[in-house]
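Can you build the whole structure from these sequences, using the hints too?
The listed protein sequences derive, respectively, from chains A and B. Each residue of the first sequence is one higher than the last, beginning at 113 in the working numbering. Each residue of the second sequence is one higher than the last, beginning at 113 in the working numbering.
Think of the hints as simulated: they come from the structure by calculation, not from any bench. Heads up, a few of these hints could be off.
Any copy, or any two copies together, can satisfy a pair, since identical chains are not distinguished.
Distance condition first, Cα-Cα at most 30 Å in a straight line; then the derived DSS-like pairs of lysine-lysine [stated by the list, open to error]:
(1) Lys197 / Lys386
(2) Lys271 / Lys289
(3) Lys386 / Lys409
(4) Lys409 / Lys159
Number of protein chains: 2
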Amino acid sequence: MKFEVTILGSSSATPVFNRNPSAQLLNCNEKFYLIDCGEGTQQQLTKYNLKAARIDYIFISHLHGDHYFGLIGLLSSLHLNGRTKAMQIFGPKPLLEILEIQFKYSDTSLRYPLEFFPIEADESRLIFENQDLIVKTIVLNHRIPTTGFVFQQKQRQRKLIKELTEEIPMAYYTALKKGLDVELPDGKVLKSEDYTTPPDPPRSYAYCSDTMYDERYFPVIAGCNTLYHEATFMHELLDRANETHHTTALQAGEIAKVNRIDKLIIGHFSSRYKTLQMLLEETQSVFENTELAIEGKTFQL
Amino acid sequence: MKFEVTILGSSSATPVFNRNPSAQLLNCNEKFYLIDCGEGTQQQLTKYNLKAARIDYIFISHLHGDHYFGLIGLLSSLHLNGRTKAMQIFGPKPLLEILEIQFKYSDTSLRYPLEFFPIEADESRLIFENQDLIVKTIVLNHRIPTTGFVFQQKQRQRKLIKELTEEIPMAYYTALKKGLDVELPDGKVLKSEDYTTPPDPPRSYAYCSDTMYDERYFPVIAGCNTLYHEATFMHELLDRANETHHTTALQAGEIAKVNRIDKLIIGHFSSRYKTLQMLLEETQSVFENTELAIEGKTFQL
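Set out below in structure tokens:
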């Protein structure tokens, strides 16, 4: 099952040096989940040949503009381009008010249903579930209410061993894949474990947009396979990071290490850094398996 | 005196084919006036090495998103980059409500004064005047209240003929430049017309963003030197143009011709046109001196 994320924006606060504000596109089993939507996200999607029309779910972490100013434009373009299927949006409650006031004054009645699910940033909650994954919030520590998101694949069924099962009626496949033993009409019992192999373990991706180092959210991200974490500043600017409720590159590495993450992606880089290599090296000094969130890059999760 | 406009966006409705939504930067005597501000305008300014910080006046024609979705991001970036000088914004009254709700929920107190001047779209009005120019609104005919803008240089003073005036005390320059004759202490009279030449005639630029053909606004744009006019569709789509309250390329040419414009710039091209040559040719079949609004291009006015 495909489980990958493409970076559309890695900049903090203001767009600079060809870095766009935060946005990522998650592809899970050919369903598309947009995570944050800074200004210019629709142009970024076009640039990387990703179809905005295929997005069905949008998750907004908080109401600082570099995480949502592109949303109204994206939704408007989908409307103008004839979308009819519903769009589900998860975000802070006032986001709907911000969208509706703009639709009102442009006299826009969306051609598609917009389904809005307000997020509270008080405790980690399960906010979404479908056949492929569940989404939980991560309560982050930023200047305004902010949540990250854990996208966790669901436990999949066991896999049939094709050579062994092709003689068995298909009617029994479902039970075997569920791990159940089945009895044939002649009394013969087929043990699931003989005809199937265990499923791939479910994988998980945690997205921590804007936050300062705060151990209270560690339990929610602990053990995730991949963690995206902001690393706005070098550690020499720790005071500035604390003051603005952001994380340093060194801290991002520590967070990944402490929480037994397999792979760390850092992003949300301050506009003061024209190049990013030193941020990467600082994080890698603590946590080796780190990569930079670079516009257009796709990570297998 | 510098009087030029740079195109930042020429697309209608949705960004396509590297065309951005509407935005133009007017430079009049090294003061900068932004006209409309579609999504990605701040990125466009960066792309063309234009300094957002130098903009002091912003004019928004109407509240369709392709004309203002970039404004909140631009204003936020100026705030984050430490702007302290005031920004004057002219636009439909609800625009302020749209901005304020977003500042409120991001807990942003702008570091610079935002001075907002609501525009009514009921009749043409003088809405701004400084030493260089006046700005008048053009009441357009679109689906929601919409105004264009005429930027008209003020009558300048007569120009001193340097070789003739260098023997005259500087104290008399001002009067001579104003066209007044002056009497020297010895009784000699200096005639202004002998020592000065007429000023360059004031020039004017009319911006008609979104509108259908409507003769009611012709008197306001008549005789302007340069007219930017939308030309969303080819004339074969006249019905669609009327239905959506837009103008065809042919009509744009007729408007320029009827109103004795010197030079016409067409823009706001529908996303259905991948290339623009046929739109240009259609307009030029009626009005020869037409150019396309192309991103990054600067027109001397």
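Q | Violated constraints from the hint list, given by number and in increasing order | A | none
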